[in-house]
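Asks: Spelled out from the first residue to the last, the chains are:
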Amino acid sequence: MFEWSEEQLMVRDAIRQFVEKEIKPHLTELEHGDLPPYDTLRKLFRTFGMDAMARDRFERQIAKEKAGDIDDPVKTTLSEGGGGDGGAFMVIPIIELCRYCPGMVTAMGVSVGLTAAAIMSKGTTAQKERWALDLLTLEKIGAWAITEPGSGSDAFGGMRATARRDGDEYVLNGSKTFITNGPYADTIVFICKLDEGNDWPDRKILTFVLDRGMPGLEQSKPLRKMGLHSSPTGELFLSDVRVGRDRLLGETEDVQARSGAKDTFSMERTGVAAMALGIVEQCLDLSVQYAKDRVAFGRPIGEFQLIQLKLAKMEVARLNIQNLVFRQIELARAGRSLSLTEASAMKLYSAQSAMEVALEAVQLFGGNGYMAEFQVEQLARDAKVLQIYAGTDEIQISQIARSLLGS
Amino acid sequence: MNVVVCVKQIPDPATPGELDASTKTLRRSGSIILDDSDAYGVEMGLQLADKAGGGEVILVSMAPNNENKGLRTALAMGAAKALLISDEALAGSDALSTAKVLAKAIERADADLILTATESTDGYTGTIPAQVAELLGLPMVTFAKHIEVDGDRVKVQRQTEAGYDEVESPLPAVVSVTAGVVEPRYPSFKGIMAAKGKPVDELKVADLGLDAGQVGWAGARQEIADVSAAEERKAGEIVEDEGDGAERIVAFLEQLKVI
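Going line by line, the protein sequences match chains A and B. If you count by this note's numbering, then the first sequence holds residues 1 to 407, one letter each, in order. If you count by this note's numbering, then the second sequence holds residues 408 to 666, one letter each, in order.
None of these hints come from the bench; they were simulated from the model. In this text, a Cβ means the ideal position worked out from N, Cα and C, and glycines have one as well. It is possible that some hints are incorrect.
In silico DSBU-like pairs for lysine-lysine, Cα to Cα no more than 30 Å straight-line [unchecked claim]:
1) A:Lys43 with A:Lys225
2) A:Lys43 with B:Lys476
3) B:Lys511 with B:Lys641
4) B:Lys458 with B:Lys431
5) B:Lys552 with A:Lys24
6) B:Lys511 with A:Lys43
7) B:Lys511 with A:Lys21
8) A:Lys21 with B:Lys597
9) A:Lys43 with A:Lys140
Here are some chain B residues pointing at chain A (derived, C-beta under 8 Å) [unchecked claim]:
10) Arg479
11) Ala483
12) Thr549
13) Lys562
14) Ser595
15) Phe596
16) Lys597
17) Ile599
18) Ala601
19) Val607
20) Phe659
Using the sequences and the hints given, assemble the complete structure.
Replies: Below, the structure is given as structure tokens:
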């Protein structure tokens, strides 16, 4: 794949029209947190039939599972793509939304790509029917709760949230932070350690599915943050939340939660490249137009070589990230996915490039770039998170180096 | 109920338009899209066919160079198939020649209702809908803001400057629709994928039983004598409010016949 196909361009154009009409006029409310993104995302899903497609895939998957055919799961995730143009059709909305509202992609991605995917990957058939379908169609909003106040990159090592057996039930305690959709989530995938009185490093990792409003579960208001304002982020507090075994993901304590989380990390990281591409494309488009329009010293600033250098570097970044996204789509079409190390490399490069491009766009716009009206400052604040979430740059570097060194 | 919708594929208004200096016509070599004003007719046709519980929407379009990207957009919205009359001989066709070609193509479609836009976004002649109706010998209702089909009749609310007229006509009929008639849908992902496999039947002028001399430059009865740049928009008038601001605004609007 070296360019978008005619069908993919039609999808892009249709999504772009939707974004121009339904999102761009409400950017201020979305940015200032007065307007949660969920109704707009649901409209996006309904308008383009993404909810119906998700329901079809889900029903085929469940039918197969009930027929005992569990070795050939129906593809549901970005990295698996679903064959054909499925991968591209999942990537294109991410790119187009990120031209204006990267936070909406985070809110959508965490609900569908992390929360639902975790249940679809490790849950029982009954658990999938109970929780996953509503998340895949965005009828309900999901949160994936792993990070804690004392554990970020070292998610499992520093984890202090616990589950304690009590008869046929478990009692959950602990707090989670930086949880995307946390304030509004209907369904929460909660990851914690089984407390059997043993040392912390030896404790099993368990995953539970919780519902909004359960006794002992408190969801905070949205946290104030640097950017990504259209993605509500919050804290979760669990105080003696009692759950039955039916809420234990997979209904067994022997699910390999660590490997499941690593699959999730890989998928999350590849999604960041598409987000970076949307931010870079928008910064470049805005910068080129500004370089033509803005006059200084009697001529358009695009005639100055220092400005040209900025534009040329932005284009190089755009081409490189686009090629990485194309590779991802091709792999999905072939029924393959990136290894964790490849996904880390892709994420590291894309996130750093998006940050550099967005900051250069702010610089190119000068004083106007520092003003909200010209949008590039918002994209610069939004781009920063790409270097932090889904694994910091430092974690990606360490992952890549360990793989190269075989350690 | 089968609904024919006449659609035009036009140069993308998002890219700067260019005139061919020798022919004084618009260059059509760049990116081509479905004319936005035709999306309303496509949507109306889809809704009427759906409400009737059967039938389909058939697109009829004319282009000199096999272009079908705009048709794919309308097919992705849900139209069943398209008839594309594509022939080098069509280059330079005036409004009447275009209407002759469209009318001949529509005759092949077994239509209960023919929908058009009021005018295209690139040519703006606004004459083709009535010419098509006349050539087909069918009744014509223009400027529809609301359409209902009741048995073998069509009921139309026809937009006027003062409000709207309620008009009824027997079917088949030609109806031109305004942008207020319905809100066009976005093509769904499934629709876009399905559009690739929908039939676009390409016809030549001769297939329609027309002579090449009746269309294109050869058949044109209308000549573009001259083209000049539009006058640049003048800066607005700034009026300082000296206590009579409201009166001066009213006088200004009255002068424009807005109030």
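Asks: A separate judgement is required for each hint: does it hold in the structure or not?
Replies: Each hint tested on the structure:
{"no.": "1", "hint": "A:Lys43 with A:Lys225", "result": "holds (26 Å)"}
{"no.": "2", "hint": "A:Lys43 with B:Lys476", "result": "holds (26 Å)"}
{"no.": "3", "hint": "B:Lys511 with B:Lys641", "result": "violated (46 Å)"}
{"no.": "4", "hint": "B:Lys458 with B:Lys431", "result": "violated (44 Å)"}
{"no.": "5", "hint": "B:Lys552 with A:Lys24", "result": "holds (28 Å)"}
{"no.": "6", "hint": "B:Lys511 with A:Lys43", "result": "violated (41 Å)"}
{"no.": "7", "hint": "B:Lys511 with A:Lys21", "result": "violated (38 Å)"}
{"no.": "8", "hint": "A:Lys21 with B:Lys597", "result": "holds (21 Å)"}
{"no.": "9", "hint": "A:Lys43 with A:Lys140", "result": "holds (13 Å)"}
{"no.": "10", "hint": "Arg479", "result": "holds (7 Å)"}
{"no.": "11", "hint": "Ala483", "result": "holds (6 Å)"}
{"no.": "12", "hint": "Thr549", "result": "violated (28 Å)"}
{"no.": "13", "hint": "Lys562", "result": "violated (30 Å)"}
{"no.": "14", "hint": "Ser595", "result": "holds (4 Å)"}
{"no.": "15", "hint": "Phe596", "result": "holds (5 Å)"}
{"no.": "16", "hint": "Lys597", "result": "holds (5 Å)"}
{"no.": "17", "hint": "Ile599", "result": "holds (5 Å)"}
{"no.": "18", "hint": "Ala601", "result": "violated (10 Å)"}
{"no.": "19", "hint": "Val607", "result": "violated (13 Å)"}
{"no.": "20", "hint": "Phe659", "result": "violated (29 Å)"}
In this structure, the earlier hints numbered 3, 4, 6, 7, 12, 13, 18, 19 and 20 are contradicted, and the remaining ones agree with it.
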